[in-house]
Amino acid sequence: MNRRIVFILVALAVIIPMLLPVSLPVSVSEPTQQLYDYITALPAGSTIMLAFDYGPASLAELNPMARAVLRQCFDRDVRVIGFTLAADGTTLASTIMREVAEEKGAVDGEDYVFLGFRPGGTQVMLGMGNSISSVFETDYSGNTTTEIPMMKEITSYDEIALLIDLASGSTTELWIIYTNVRYDLQIAAGVTGVIISQMYPYLQTGQLVGLIPGILGAAQYERLIDVPAKGMLWINIESFVHLLIVLLVVIGNIIFFNQRRREE
Amino acid sequence: MELFGIWVAALLTLCIYSFLYQDNPFYRFAEHLFVGISVGYGIVLSIHQGLVPFALKPLWAALTGESLSGLVKLIPIGVGLLFFARLSPQHVWLIRYPIAILIGFGAGIAIPNVLRANIFEQTRGTIEPFAAMHAGTLSGFGVLEAILMVAGVVCTLTYFFFSVEHRGPVKWLSKVGIAFLMIGFGSAFGNTVMGRVALLIQRVDFLLGDWLNLIS
Amino acid sequence: MKRQVPLILCFAFGIVMILTQFSPHSFSQGIYEEVISWTLIISPFALVLATATLIQTHVARIQRRTDHWQYSFVVFAGLITMVVIGVPFGPQHQAFEWLYTNIQVPMDATMFSLLAFFIASAAFRAFRARTFEASLLLITALIVMMGNVPVGDLIWNTVLGWLPLEDGASKARQWILDNPNLSARRGIILGVSLGIISQSIRIILGIERSYLGGGD
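Chains as they are written, first to last, in the numbering used here: chain A, 1 to 264; chain B, 1 to 216; chain C, 1 to 216.
In isolation and in its complexed conformation, chain A is listed as follows (with noise of 0.2 Å):
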């Protein structure tokens, strides 16, 4: 079969039913849960960290479980205080804190805070352990930390209550080499596809303290929270392309094994 054939397939397993949504139920995995269920379970007035420690490449899996997790700290009065160490995912990660802020009504520099972008991965993990305003002297939109309401008690990593990696590269596993021990942060992952599967070993040991899967964790996230997205809209879709992408496999191994026995 022509590759351009099975693109076509690709394609059209997408757009039907994209144009023609089905809604199967999302059964919740375990990791989804424990994340969901440790934000639940922190008084409110709790400070966590989120870093959007990815890029628009990774957009897909990543934004609608930021968007999840962002809905639900603050419908629980958890504060939040975003960054990235990833340059080029700066602005997209401003711009989602500011319109979930906004959907909730959550007030800049009391509810949350952006602080930005910082160069080093490591040494920004480091360093906010000794200060975090030694690091980010000023958010994103130039206000002093040290001055902003929420930030006023808020020196290092002990006043937070978890930290949540939203990851497309090996971040997570850094935070947890260099922060986790070190400093008693609790982390948990939000990551893609590609680097669910070595993630388990962390949240056997409880280093990491839940973990969302790609788009798979981002809708049973969304249907913890109840307010059904694109995960939810997204992982429907999913299911025709795995079908298809399973039939192919199926086909192409009963070809091979039919050119195999004819060869012998």
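Honestly, the hints are just simulated from the structure, not real lab data.
Think of the CB as a built atom: it goes at the ideal place given N, C-alpha and C, for glycine as much as any other residue.
What you were told as hints is all true, and nothing was included just to trick you.
Per the computed footprint, the stretches of chain C lying under chain A, defined by three or more beta-carbons under 8 Å from a beta-carbon of chain A, are:
hint: 1; region: 36–42
hint: 2; region: 109–115
hint: 3; region: 150–157
hint: 4; region: 174–183
We have chain A already, so just place chains B and C on it with the hints.
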């Protein structure tokens, strides 16, 4: 302006998808524009969110007498400036100084932290179910899973252990290790498919929804 | 000066970072915090390396008139536009954000979404159960793929509804990820971490010098 932006984004999206037919000038244009724009974006962010707060502001504060402690920052700023030696073939060796500092820092910080987070904690995680087993809090199936986990970890490590020849029992352990690795890679592949397809769905959602308004 | 000083710097920063991790004394912690702030200052200057390499590559393409050299002008056009707007006005300027949102974001997202097509094509043409190991990989991938989407459970409950296990597809996926996948990944983590530690020791002791590059 918003509508114009959607049209620009849609046309550039189609330019890139045209590669699925074959390489063509539209794709090459979009590809090169993307490289230029994204590097430009990176430069601006690195200057405004990196150089300005870390180097220029403390330096300015020191020079204006606002905070003399900023003068100490002259040393790392000077070291950082050595990266510009990359632009002069005669002095390019000078970039070894900042690179050596960053590499040395990275290596030094990695040793104790990787040891604790990845060796000790992961080993603890492997052994811990046996403590639960000993305490009688692990169910029958949980016991099997705990044994499977230890077997998997040991066999996978054996596969990566090249200091002894893989013969006899080591060969068999290593073969079991390969089986575990294949299951690991298979699950990674399954999840990767989900991730990649999600990216496509998002783009089609944009084209059919935001651009063509075909989705209610 | 060209090799010895960088080696000494690397050693000094590496050793200091290790020692300060084990000493809670305020003097030691002061050094630890100062070194981190130094490396934070040095890091952003590294953007010079990436930018210089990109510019040199495309200047060389234009000078040598290599294939499609004209597109290098598009790279420069994109880069200069972003820098000219972003450096003086900052990354929150409306025009800068417009270029990011309507050019960089859609192209970046689309570029990676192409992989959905290629992964489907590759799965059809190359994903074969040739050996036992390949079969394990394939079967695992198929289970995880079906467990990742709601239709997997729908098929399970329809076809295998007589079994005492509901939503078997997603449960099978979860079991694979929680057990054999976990073991394989843990083996890899332990192996890689031991590698990182030994490589870090070699770097600090000056045995591994590849970061210095060639030349004297």
